[in-house]
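Mind the numbering: the sequence shown is residues 168 to 347 in my numbering, read in order.
No wet-lab data here; the hints were simulated from the structure. Careful: at least some of the hints might be erroneous.
[Unchecked claim] Computed spacing ranges between beta-carbons, pair by pair:
hint, residue 1, residue 2, range
1, Q244, P182, 44 to 50 Å
2, R340, E238, 19 to 25 Å
3, L181, P279, 50 to 56 Å
4, S223, T184, 33 to 39 Å
5, D194, R340, 48 to 54 Å
Just so you know, even glycine gets a beta-carbon here, dropped at the ideal spot from N, CA and C.
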Amino acid sequence: EKIYRFIKGGSLNLPLTELLGNIYLHDWQVPLVRNVRIREVLYGRYNDIGFLTRNSSIEELQKIFDELQQELDSNLQMTTFVGSDVHFFDAFIENQNGCLYTRIYHDSISQPFLLSYTYSHPRLFHRQWFRAALIRPGQYCRSFEDFEEERLYLELTFLANGYSFDFVEYHLRQFFSHFN
C-alpha cells in the first residue's frame with residue numbers, strides 16, 4: 168500500500184497527458200500558424216507530429232524554426248527535416264515542380280496486404296471496410312493512375328485475406344456506381 172507521486176513527466180497515453188501536451192503545443196504553434204496563414208501554405212499537425220509546405224529558401228525556414236526552438240521549454244526537443252517530400256501517417260506529399268502531389272504512403276516496415284480487423288465483427292463491417300478503403304485513395308491520390316494502382320493494391324489485399332473475387336468485384340461496382 169504505497170502511494171507514488173510523479174514530479175516530472177507522465178505516461179504518454181494518458182488522456183490528461185495528451186490534453187496537456189495539446190494545450191502546450193497549441194500555444195507554441197500560434198506564431199507558426201500565424202506565419203503560415205500570411206503566406207498561404209499548408210500546415211498539418213496530429214499530436215506531436217506536424218508538417219508544413221512552404222515555397223521559400225531553406226535559410227528563411229531554418230530561421231523560423233530557430234525562433235520557435237528558442238520559445239520551447241528546454242526539456243522539449245524539436246526535430247526538423249527539410250525536403251521536397253514528406254510522408255505524414257499514410258499520406259505521401261511531394262512538391263513536383265511547384266505543384267502539390269499526393270498519394271497513399273505504404274510504410275516499408277509494415278507487412279503488406281494486411282487488414283486490421285477482428286473476426287468477430289459483423290459482415291456489414293466487412294462491406295464498409297472495402298468502401299472506406301477505396302474512399303481514402305479517392306481523397307489522397309492526385310492522379311488517376313495513382314488511384315488505379317491503389318485500387319489494385321486494395322483488391323489484392325482483400326483477395327489475399329480470404330475475400331472472394333465476387334465480393335471484391337461487386338463492391339467495386341457499387342463504389343463506382345455511387346461515386347460515378
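Outcome of the hint check:
no., hint, result
1, Q244 with P182: 44 to 50 Å, "23 Å, violated"
2, R340 with E238: 19 to 25 Å, "54 Å, violated"
3, L181 with P279: 50 to 56 Å, "33 Å, violated"
4, S223 with T184: 33 to 39 Å, "35 Å, holds"
5, D194 with R340: 48 to 54 Å, "50 Å, holds"
In summary, the structure is inconsistent with hints 1, 2 and 3 from the numbered list given earlier, while agreeing with the others.
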